[in-house]
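Visitor: Each chain, written out:
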Amino acid sequence: MNAVSRRSLSSWWLRLHHGRSAKSYPPAVSLLLVSPLMALLIVGFLYPVARLVQLSFTNGGEPYARLVRSGLYVGVLTDTILISATVAILCLVLGYPVALAMARLRRPVALLVAACVFIPLWTSVLIRSYAWVVLLQRNGLVNDLLITVGLIDMPLRLLYTHGAVILAMTHVLLPFAILPIQATLRSLPADLTRAASNLGATPVRAFLLVTLPLSLPGVFAGTLLCFVLALGFYITPALVGGPNSMMMATLIGQQTLVVLDWPFAAALSTLLLTVSLVLVAVFRRALAYNKGFSSVH
Amino acid sequence: MSINLIKDARARERPARHTRLTTPWRQQTTSLITAVTVGLVLFFLILPTAIIVPMSLNASSHLSFPPTSRTLDWYRAYFSDSDWITSTVFSLKIAFCTSLTSTLIGTLTALAVVRGELPFKGAIQAMALGPMIVPHVVLGVALYLVFAPLELTGSLLGFLIGHTVLAVPFVVITVTASLQRMDPALELAAASCGATRLRCFIHVTLPNILPGIAAGAVFAFLASFDEATVAFFISDIGGKSIGRKMFEDIDYNLTPVIAAASTVVVAASLCLIGIAHLISSSASPRTKQE
Numbered sequence: 001m002n003a004v005s006r007r008s009l010s011s012w013w014l015r016l017h018h019g020r021s022a023k024s025y026p027p028a029v030s031l032l033l034v035s036p037l038m039a040l041l042i043v044g045f046l047y048p049v050a051r052l053v054q055l056s057f058t059n060g061g062e063p064y065a066r067l068v069r070s071g072l073y074v075g076v077l078t079d080t081i082l083i084s085a086t087v088a089i090l091c092l093v094l095g096y097p098v099a100l101a102m103a104r105l106r107r108p109v110a111l112l113v114a115a116c117v118f119i120p121l122w123t124s125v126l127i128r129s130y131a132w133v134v135l136l137q138r139n140g141l142v143n144d145l146l147i148t149v150g151l152i153d154m155p156l157r158l159l160y161t162h163g164a165v166i167l168a169m170t171h172v173l174l175p176f177a178i179l180p181i182q183a184t185l186r187s188l189p190a191d192l193t194r195a196a197s198n199l200g201a202t203p204v205r206a207f208l209l210v211t212l213p214l215s216l217p218g219v220f221a222g223t224l225l226c227f228v229l230a231l232g233f234y235i236t237p238a239l240v241g242g243p244n245s246m247m248m249a250t251l252i253g254q255q256t257l258v259v260l261d262w263p264f265a266a267a268l269s270t271l272l273l274t275v276s277l278v279l280v281a282v283f284r285r286a287l288a289y290n291k292g293f294s295s296v297h
Numbered sequence: 298m299s300i301n302l303i304k305d306a307r308a309r310e311r312p313a314r315h316t317r318l319t320t321p322w323r324q325q326t327t328s329l330i331t332a333v334t335v336g337l338v339l340f341f342l343i344l345p346t347a348i349i350v351p352m353s354l355n356a357s358s359h360l361s362f363p364p365t366s367r368t369l370d371w372y373r374a375y376f377s378d379s380d381w382i383t384s385t386v387f388s389l390k391i392a393f394c395t396s397l398t399s400t401l402i403g404t405l406t407a408l409a410v411v412r413g414e415l416p417f418k419g420a421i422q423a424m425a426l427g428p429m430i431v432p433h434v435v436l437g438v439a440l441y442l443v444f445a446p447l448e449l450t451g452s453l454l455g456f457l458i459g460h461t462v463l464a465v466p467f468v469v470i471t472v473t474a475s476l477q478r479m480d481p482a483l484e485l486a487a488a489s490c491g492a493t494r495l496r497c498f499i500h501v502t503l504p505n506i507l508p509g510i511a512a513g514a515v516f517a518f519l520a521s522f523d524e525a526t527v528a529f530f531i532s533d534i535g536g537k538s539i540g541r542k543m544f545e546d547i548d549y550n551l552t553p554v555i556a557a558a559s560t561v562v563v564a565a566s567l568c569l570i571g572i573a574h575l576i577s578s579s580a581s582p583r584t585k586q587e
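Taken in sequence, the protein lines are chains A and B. For the first sequence, counting from 1, position 210 maps to 210 in my numbering; every step adds exactly one. For the second sequence, counting from 1, position 80 maps to 377 in my numbering; every step adds exactly one.
Hints are supplied without guarantee of correctness; some may be wrong.
What the hints assert, rightly or not - Between beta-carbon pairs, the in silico distance windows are:
(1) D191/A x T383/B: 52 to 62 Å
(2) V204/A x L495/B: 34 to 44 Å
(3) N139/A x W322/B: 20 to 30 Å
(4) S35/A x S357/B: 50 to 60 Å
(5) L192/A x W322/B: 45 to 55 Å
(6) L495/B x V109/A: 46 to 56 Å
(7) Q477/B x A28/A: 42 to 52 Å
(8) R194/A x E545/B: 50 to 60 Å
(9) L337/B x I152/A: 51 to 61 Å
(10) P446/B x S35/A: 21 to 31 Å
(11) I572/B x L260/A: 39 to 49 Å
(12) I42/A x T368/B: 23 to 33 Å
Claimed, not checked - Example chain A residues on the side facing chain B (calculated, C-beta under 10 Å, incomplete):
(13) F45
(14) L46
(15) A50
(16) T86
(17) L112
(18) P120
(19) S124
(20) I127
(21) T161
(22) A168
(23) V258
(24) V259
(25) W262
(26) S269
(27) R285
Just so you know, these hints were derived from the structure itself, not from any lab. Even glycine gets a Cβ: it sits at the ideal position worked out from N, Cα and C.
Could you put together the complete structure from these sequences and hints?
Guide: Quick look at the structure:
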């Protein structure tokens, strides 16, 4: 008995240190390799987030009770969900044709389209939000244009509205919808649409009956990603939105920086974090499908 | 028999071709509508980035189009303002250090995840990519909460920790991709020729995944330099990132100096991204896609 367990122990020891084959690193080495990451995540991620969650439960969860009781905060929560959903759907509607073009077009034109998608992606969110502030302000380019065309006589108040937040956030998140859809469309064999048109389908029919249904996994992944990212957006609503278009993240910022109500900010953060993580965990498989995620931040 | 079949097929195909010939206008209008839609969306995508350049060159502080007269004053103002330059240099320092640490940590993680017999592989992989999903505002507030009593806000170390957490996923993704692209038989061959694991790694694995590591390092650098939310929360008067400086200026005094600073940042970022693409595409001839 003892001998057997010792043998199994020693074989376990061997497995731990030598591994199954020369192709792979044994478990002990692998664990050593991920240990810096674990240390980093504990110091810079898990511990701070745990402290924040702990802080939210001060006074037996009193901040949560306040969150539910106050109509103002419930309004911010529903606003956040509505704005994020609108942004996600807009990203899908605007992004799909671009994704299709990226997947179908040939080299020189495709490169141009890809540049138009990737250049904003690698422009800081802050700079893009700034550009929207300038475009939408009272004497900005959009108002100038509308007056020149003759649609309006007086400059409109475009900045610091829900519409401005939705517009700017759609712009920032659009690549996150385009890339997964594009990846799915590219993985579809070109023979499928060719077969459909051989059988007499018009391009529109072939698209509606063949391409569109097959691209739904990418559509779902991209839209979900946009929704989750929109829920936690800070910079864009903070700069483009006004006091009336408060979103969850800007409320958290206000509570920590202006009101200094840390337990309440912690409760809001915990709620936001939970919603984001649950959404991602539930739709894990759909998101893993999403290849475009790798080129996205 | 077979000729008949072919004839049959041809006969069946003819009406289809006929209907297609009768509706070219419909096809053309659909493709025209698609092209116009795509064009408009692309214009929408590129407009805000493109508008920054004329804005930074415009003589008047109010942006008019077409620009009335050009000036480089805003650039001069940017380069001579010590506040802007200090925050830019601080952000560059943070980004450089973040790039180094996250490249090291991310490469080791990718090696363990792809090549290692790692227990709880799925969980570790999810943890490594987790910071991409966590709302940055939550991370920023959490880090501020922990850093403030330790006086780490506004310090290089504080920023380094926060930004490395955010940048590691980029390195993990690029290095994982290049490891998966590499033929494991190469490592087996080296091992069967008597190379130890370390020798095998240094002489076979590392040269093969180097483009992926380099691309990951560039992405990590940019992820740190362009990151604004966490930086916003952990900045203080002593140490301010360029993002925080820009945010404050946009919020309080909207001057074209911001446009000049943005143009410099965007130009530098796009150059770096271009270099990263060149590195990763020139050094991996085995891949056909991308």
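Visitor: Go through the numbered hints given earlier and state which of them the structure violates, listing their numbers in rising order.
Guide: Violated: hints 2, 3, 5, 7, 9, 12, 16, 21, 23, 24 and 27.
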